[in-house]
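Student: Listed here are the chains, written in short residue letters.
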Amino acid sequence: MKTAMKKLLPVAASLVTLISASAFADYEVAIAGPMTGEYASAGEQIRKGAEMAIADINAKGGVLGQKLKLEIGDDACDPKQAVSVANAMVNKHIVFMHGHWCSSSTIPASEIYNEAQIPMATVSTNPKVTERGLKNIFRIMGRDDQQGEIGGKFLASKFANKKIAVVDDKSAYGKGLADEIAEGMGSKKPVLRESITAGEKDYSGLVSKLKAAGVEVMAYGGYHTEVALILRQAQQAGLKLQVLGGDTLSNNEIVGASGGNADAVMFTFAPDSRKNPEAADVVKRFRDAKVEPDGYVLYAYAAFQLFQQAATQAKTVKYTDLQKALAGGTFNTVVGKLSFDAKGDLKSPGFVVYQWKGNQYDVLK
Amino acid sequence: MSALNPHDPASPLLLEVENLTMRFGGLTALDNLSLQVPAGKVTSIIGPNGAGKTTFFNCLTGFYKPTEGSVRMHHPQRGPMLLNQMPSYHVARKAGVVRTFQNIRLFPNMTVLENLMVAQHNALQHASRFSLAGLLGLKDYRQAREAALEKARTWLTRLNLLDRADTVTGNLSYGTQRRIEIARALCVDPLLLCLDEPAAGLNPRESAELNELLLYLSREHGKGILLIEHDMSVVMRVSDHICVLNFGHKIAEGSPQHIQQDPHVIKAYLGEEDKDTEEAAA
Amino acid sequence: MGQFIQQLINGLTLGAVYGLIALGYTMVYGIIGMINFAHGDVYMVSAIMAVTFITLLSALGISSVPLMLVLVLVIVIALTSVYGWTVERTAYRPLRNSTRLAPLISAIGMSIFLQNMVQITQGARVKPVPTLLPGSLELFTANGFTVHLAYTQILIVLVTVALLIGFTALITRTSFGRQQRACEQDRTMTALLGINVDRTISLTFMLGAALAAVAGVMVTVYYGVVDFSIGFVAGIKAFTAAVLGGIGSLPGAMLGGLIIGMIESFWSAYLSPEYKDVATFVILILVLMFRPSGLLGRPEVEKV
Amino acid sequence: MGLLITQPKGAAQRLKDGVGAALIALVLGVPMLGLATADVGGALAVITRWPLLAGFVGVVFVGRLFFQWLIDIFSLRKKRREQARPAVAKSRPWLTWIGFAALGLAVMLPIAFSGNRYVIDTATTVLIYVMLGWGLNVVVGLAGLLDLGYVAFYAVGAYSYGLLSTHFGWGFWQTLPVAGLLAASFGLLLGWPTLRLRGDYLAIVTLGFGEIIRLILLNWTEFSGGPNGVNSIPRPTFFGLPFKPDSDDGATFASFFHLEYSPDHRVTFLYYLILALALLTNLFVSRLRKLPVGLAWEAVREDELACKAMGINVTNIKLSAFAIGAMLGGFAGVFFAARQGFISPESFVFSESATILAIVVLGGMGSQLGVVIAALLLVVLPELGRDFSEYRMFLFGAAMILIMVWRPGGIIAKREPTLRLGAAA
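Residue numbers (the UniProt record's numbering), protein chains in the order written: chain D, 1 to 365; chain H, 1 to 282; chain R, 1 to 304; chain Y, 1 to 425.
Think of the hints as simulated: they come from the structure by calculation, not from any bench.
Mixed in with the good hints, there may be bad ones.
As the list claims (entries may be wrong) - Derived DSSO-like pairs (lysine-lysine); straight-line CA-CA distance at most 30 Å:
no., chain 1, residue 1, chain 2, residue 2
1, Y, Lys244, D, Lys343
2, H, Lys151, Y, Lys414
3, Y, Lys244, D, Lys135
To be verified - Every beta carbon over 10 Å from chain Y, so not counted as near; a handful from chain D, in silico:
no., residue
4, Ala76
5, Asp145
6, Ser187
Cβ coordinates follow ideal geometry from the N, Cα and C atoms, glycine included.
Chain D with its partners taken away, still in its complex shape:
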């Protein structure tokens, strides 16, 4: 026990300075998500949306007369970091959280927010997020089982005579979604059920497998980068492939990345809020600021509208009242009217199938 234990002195010293730095005057609100790492582009969308929302709210006098101050937490989609971010946020006495983004981060982090009685609005789509009986969590987007079902039914009816493969990227999100799509297809059975490893470059093995099986449509659970690569490689191999995926394929990176094949991509997503008349003003200001408000940008904006309206109704940011307001109310946001069921899921999630056309996506009739 001679070379015994150590730790505290420097941690303590450094953390004291860290903590004393946070102020008290304003309401602290927070976003959390992958600001670094592979999925950093989603984090960037959330940040842009949140920053605009906070600026707008503060310009109009803030919430209950207090200005909002935005804290940004980076979990890099790593569950362990997510827990750490959650603890840090609790310590900063935030009154509202928008996040996290990856379901695998949202699930462990939400337990900490729940214990600390902090309401949160998330866009994580994994069903488990709201299935654990936590009262503080509100999902402002649909669930994978809902979008999977819609996607699956769409495939089964529209491509009744074509061979369909179901592929996922082995992420919790991708696999969950792909399973739901396969189930949603009902009696139409996929000819192939495959998984790939995200983060690689070469999917020619998958492509030639699809080609050999005569697959024309691929249902995909996962992120847009892999879809873009698969499409490029399919084109190279002389395979005409259409893809249907989930909300993550709304990322406009897919247009350039798929090398002109994006038109073959369909995806399920909540109704496009950019076309919402109520969002027109906000959308314009995003575009003026050179930010295309696609993907999660408007959701982040909406999350703080939600908070502002709920707090105004409750006339306080105390958890019990705020939670009650969120659970019971209906809120007008740039992504439409939001209200929640007992689990905290959206009452009318409404998924729509979109297709990319050029560098825009459009509802597919």
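Starting from the known structure of chain D, arrange chains H, R and Y on it as the hints suggest.
Tutor: Chains H, R and Y alone, transformed into the frame defined by chain D:
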């Protein structure tokens, strides 16, 4: 080549090498070598560089598997055993044949004392019941450890290293490191000690001490000593028996006096001219 | 049959890319005996630069594909070599005489640093380039499966073969190659012979980076999409390839790359793609159990 | 670019050196800072940022001059110090005192920061890494075996608890020894065929093994939950008293001690739990190090052949290091699963192994106290960096390089002898 018989009742046969051959690809490093090493005597292997001396040690101690031939150790308690079929650590642990290295191989970041304790690993590990007794600090482990320290202290004293005991070995002078390596080998309790050029790099006073030590070990402790050495002042003074190698062949064997007069040896060592003339004559 | 040939072609291309990156690993390992974990990120940096310069040159109106490729290769190789040099100079040279693990850790730090540097300066979004060399040869059709050989695949394999031959000649025939091999054998002795060891090591790093740069440009052209996180996976695969082939051996690195490319290609086409990395590593472990120095590595005889 | 060994003296020389550095910075900076690509309507366009580049080159120039000046001063001092350094290994009692002081602080921390769960939770993370570092230290620091797949054993421990507790209702304390043994067996399984490989070949094999374990956990959904991981892992209880709000079904920690329920109780309890586990680990490893097996580990690291010549079965010694390191990693994994309540393969990726290895090497191989300091640095630095958002990992990478270059032997580079003749007498 006189068939000098090293057997006498006071020095029983320890090691018996028969027809040992070691080939590396096309190169024959040892060619049909036979040799007997008794206990309580110093047997030296000499020969020019590249004669196969170190290869011979490597074959004895399990580092190389000889191509042909056998190396038999006559263990006084455990009976005969074939070293050429044993893994190297068994050679030291079971057969009691322990070597040193030509280019010193100490544990350089550990202290002298720690080096000596590592050498007693097997006994200590046994006493610690694979660490269990050691973790609990049981009495018989503590006693074994005391005994091991005592042994280390004895050899440190004998080799004049006591004041260096707590020094990191890597920082010590070459001559001191040589002595530590011998002390470490002695802590394994060898029956046969194989020393690979122990006098290399020693100053005259240190080699004189080495002579004395070798004689002490063989005479007082009855250890068999197998010595590879270039320093003839050491070899001639301490050897009971000398075997001369050249290009993997044994070219001569016998007492120091005998070897000093052997024409083959003189030729191998000095005789470029002799060789040329002989070859020309042939 | 058709699918088999197709996967052979795909595996060959993939293997060539792994091999190119592995060559850099193996050269660096050979000369200073360290695993350069940042090598994959140097490759990533070069791919990002390739995107920048392809975009820039097309904006400047260069439309000839061969001219564009040559220009981009030259620029990216030159710039990446400077990155390779700087990495060695700042993170490894000060550690040259310390323990074996110190440079390994500083390489891991360098890998994190480069990856995040690119993310900050170039953004996190994936970077696409338009398909430069579209089209492919239709080789034949068997059972309704048409085998395609893309022009970029031909390009990659040709470039790789040329580089392998060139580098082997460089190492075996030139005085730099002799100095390089001398440094591998015994750095102190080489220095005593009046050879500038620092310079030789720096040059080796630059050459390794140059090879990574070629791989980076090829990947950009072939796959068309790169981002700041591609270095890690590529680095691990190339490292595996280098070890499989016998680390320190140039042909070994290429062979290792090809084998891994083939395993991945065939495993994902005929078996389950999700276990292809498991297959790669299991084969690596098996090979090392029977050939502890890799396929073409010289068996290390410890001198007693 | 400021850390080179060359030391030009004259002003002209320094200036030249600074200009050289600035030139290189210019070349490096053009493609990364000067030029960038941005997405404009679905296609890329190049944007230029020359002022940024000019600023960077300027900073490098000035920085280089300044660093050279600093380095000249430091290297002079270092030389003087080295000349004064004696060869005999001196005992350094102050290290022990630092150890005890740190222990005292560790025990006091939850009291000093009561209610601040972020600090306590971060300290818990530090302690997990300290424990992992001590475990890996046996393998890398003592036995000198480069293990790049240590996270595999951590995963084995975590999944043992995750699965045994959710499927069979095993408790934390029941699982702990089982998970340790299981992890140790995995260590033997990996070590037995591969330990004869030389250093870097062993490294890649361990890396591969770590990946294999992760990929199996990821893909074998029926067994491990696949990418969804294992959810709702029970938290450890305080001798059977759960940390829950008061309810009708049985006593809770709060009700038993007549406290008002607070989630902080559990956080604090977890902290003390890992502190105790870490202390036990430390005690265990420090004792082992002084036993024959510990000495043999270090001897194997120093010179395998010499060990064989001493009659030591090197394979067994290496295996024992591997198994014990794995077992400690398994223990840490059990705690990790219990603390997170949720585990998935994402927590057991290669970069985790790299972090643990970095802790061991940065701390100074074989040094127990060094591991603590390095774990603190590597956990707290990124935490402090949270305010820097995307610059966080960038600075972290730079810090790793700087620390290594500054202290190539690790923060505590010097080895303490395990026994002394003086003390033993």
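Student: Just pull the numbers of the violated hints for me, sorted ascending.
Tutor: 4
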